[in-house]
Amino acid sequence: MKLDKQLLLDMYGRMLRIRKFELKVEELHLRGILPGLKHLYIGEEAVAVGVTFNLREDDYIGSTHRGHGHLIAKGGDVKIIMAELYGKKTGYCKGKGGSMHIADINIGILGANGIVAANIPIVGGAALSAKLRGTDQVAVSFFGDGGANEGMFHEGVNLASVWKLPAIFICENNQYAISTSQSKATAIPNIADRAKSYGIPGFTVDGMDVLAVYEITGEAVARAREGKGPTLVECKTYRFKGHYVGEGSRELSYRSREELKKCQEKCPIQKFKWTLTKEGILTEGLAEKINRQIDKELEEAIKFAEESPYPSPEDALEDLFFEEET
Amino acid sequence: MREITYAEAAIEAIGEEMEKDDKIFYMGEDVGRFGGSYGTTKGLWERFGDDRVKDTPMSEAAIVGYGLGAAITGMRPVVEIMFVDLLCLAMDQIVNQVAKIHYMFGGKAKVPLVIRVPFGGLRRAAGQHSQHLEAWFLHTPGLKIVVPSDPYHVKGLLKTAIRENNPVMCLEHILLYQIRGGVPEGDYTLPIGKAQIKREGKDVTVVSYSLMLHRCLSVAEKLHKQGIEVEVIDLGSLHPLDMETVVASVKKTNRVAIVHQACLTGGVGAEVGIRITEAAFDYLDAPVKRIAARDVPVPFSPVLEDFVVPTEERIEGEIKGML
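Protein chains in written order, with the working numbering: chain H, 3 to 328; chain Y, 5 to 327.
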């Protein structure tokens with residue numbers, strides 16, 4: 003696949019932005035600054051970026067509890083995401099959603115979602131909506147290997163298949179549903195094999211290889227836009243950190259240090275950096291420039307979040323229902 | 005005024021709205037050519053075709069979830085779940101998603117979604133096809149709930165629900181579908197959250213909704229012949245609750261009973277009752293009374309079900325005991 007150099011650099015930059023954002027979130031959380039639950043996307047960046055770089059702004063995504071990466075990849079503003087993580091009024095949800103519910107419908111982000119697999123039917127509905135409105139928008143659902151065992155996966159994928167909807171189902175198989183390994187939860191090695199039972203194409207791809215993800219989902223997006231129905235893509239990836247920030251050494255109850263080390267060596271960003279460097283697209287100087295640019299953005303995001311006001315306590319009573327402007 | 009059935013009035017509301025707004029579509033199990041298990045959609049498929057009246061697989065979570073996804077991306081879906089009992093299969097989508105999305109997203113998503121749900125016991129259908137689960141949804145902030153009790157109200161409330169930019173559940177008692185009543189032709193709407201005084205009286209207020217309202221009206225007529233004047237209120241909506249109408253009535257009669265077909269504990273009666281106590285304690289000459297189904301799963305045998313669900317005799321006896 004011959005790709006534009008700038009596109010490749012943008013992909014690299016986007017992956018790095020996700021990584022550095024997440025490292026910042028981890029640090030701020032462990033310092034006791036960010037309240038609540040955080041699930042980091044570190045290690046899985048190639049999936050979100052490889053997928054969303056095939057999408058237009060008006061295409062839809064449905065995200066998960068581990069959603070920061072999807073939001074940033076789809077064009078979410080790190081300042082407004084960070085403000086939400088701080089619980090500030092300037093955040094995407096005005097402090098009402100937090101990490102697991104960030105949404106920006108204007109750019110097609112139909113929400114992170116705290117319930118595993120719940121976005122699958124919602125994304126199916128967005129795909130149905132696109133079809134009924136006669137647009138060529140597509141809708142992408144992200145979910146994990148854990149989500150693939152929920153009933154909503156079956157209901158959601160089956161209906162998209164029978165109605166031939168412009169949906170793409172991305173299973174981010176990071177090997178663990180919290181502490182339960184895929185081998186203990188699923189009797190088949192590849193989640194994508196389930197596509198056969200819905201009569202749709204299914205592919206298993208190396209989720210640590212951004213270009214492989216980009217290529218296969220590009221085909222799935224094209225099929226969806228042409229009215230040829232949904233595709234199930236399984237991206238084999240790995241979660242470098244615990245299920246949530248603060249899991250600490252408990253993760254050693256379900257995976258060994260050796261396994262962690264071995265998998266972390268397959269870092270998707272490092273791997274892509276080598277490829278781009280080898281091909282002369284990325285130089286050390288350029289890499290440093292991208293790095294500094296991201297650091298500056300994150301610094302500004304944290305400053306924005308810290309300086310933003312909290313909502314007033316009574317704001318908790320607003321937004322229960324949409325009220326027509328009078 | 006012409007008289008039509010409850011089912012016909014509901015279909016008329018949906019059909020008229022669909023004619024006016026092509027963003028509205030309908031989906032559920034057996035709602036197309038079959039016309040709905042209880043005739044809830046008869047004739048709509050013939051008028052609007054496959055694209056707008058969609059038969060789904062038996063996938064309740066997908067029905068509600070797809071409705072939600074379509075609602076937040078520019079469509080105005082009306083989805084049907086064949087029985088309220090089957091909503092248990094879609095509880096995540098209703099409670100965690102539909103009810104919360106507008107709030108959790110900081111007010112940035114509109115959810116113009118109607119969930120139409122036939123429900124109700126006394127059809128000898130036993131524990132999994134006879135429930136009254138409305139209190140669960142009353143206990144879930146973010147949902148509007150209507151419980152129309154006659155053809156006039158189901159048409160007017162469904163039209164309002166379809167035009168709302170918020171999720172509305174419309175719970176329709178299956179035994180009401182064939183009752184007839186006066187319904188204006190053409191367009192009219194009724195407000196969600198407004199109770200109706202169905203019969204005026206000075207001795208005791210009875211608050212009810214859906215099928216049980218009809219039993220209460222029948223009891224009120226019997227008691228009238230015995231010199232007892234019962235004021236009967238149809239709540240019409242469970243969220244918002246029109247406590248203003250209820251409390252004003254209680255201040256007049258000083259006695260109140262709430263009657264419902266759902267079981268007693270944690271039911272609508274508990275909520276309405278405590279709100280009455282908070283608002284009008286000094287006006288009460290007797291404790292607030294709840295007349296409800298007994299706290300067991302709905303049993304099959306008619307002998308058993310009739311013991312569990314409030315009968316007219318039981319309602320009559322309980323009301324007399326309050327005077």
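I should point out that these hints are in silico values taken from the structure, not numbers from a laboratory.
Accuracy of the hints is not assured; some may be wrong.
When the alpha-carbon atoms are kept at most 25 Å apart in a straight line, the in silico DSS-like pairs for lysine-lysine are as follows [said to hold, decoys possible]:
1. Y:Lys114 - H:Lys90
2. Y:Lys114 - H:Lys230
3. H:Lys4 - H:Lys275
4. H:Lys91 - Y:Lys27
Here chain H is said to cover these stretches of chain Y; the calculated rule only asks that three of the stretch's residues, wherever they fall, bring their Cβ under 8 Å from a Cβ of chain H [stated by the list, open to error]:
5. 32 to 46
6. 314 to 323
Model, not experiment: these values are computed from the prediction.
Glycine residues also receive a C-beta, built at the ideal position from the N, C-alpha and C atoms.
Status of each hint after checking the structure:
Proposed proximity of Y:Lys114 and H:Lys90 is supported: the alpha carbons are some 22 Å apart, at most 25 Å. The hinted pair formed by Y:Lys114 and H:Lys230 fails the criterion: a straight-line CA distance of about 29 Å is larger than 25 Å. The straight-line distance between the Cα atoms of H:Lys4 and H:Lys275 is roughly 17 Å, inside the 25 Å bound, and the hint therefore holds. Taking the CA atoms of H:Lys91 and Y:Lys27, the gap is near 33 Å; set against the 25 Å cutoff, the hint is violated.
Coverage of the region 32 to 46 of chain Y by chain H is violated in this model, with 0 residues showing a Cβ closer than 8 Å to a Cβ of that chain against a need of three. Residues of the region 314 to 323 of chain Y with a Cβ under 8 Å from some Cβ of chain H number 0, which does not satisfy the need for three, so the listed coverage is violated.
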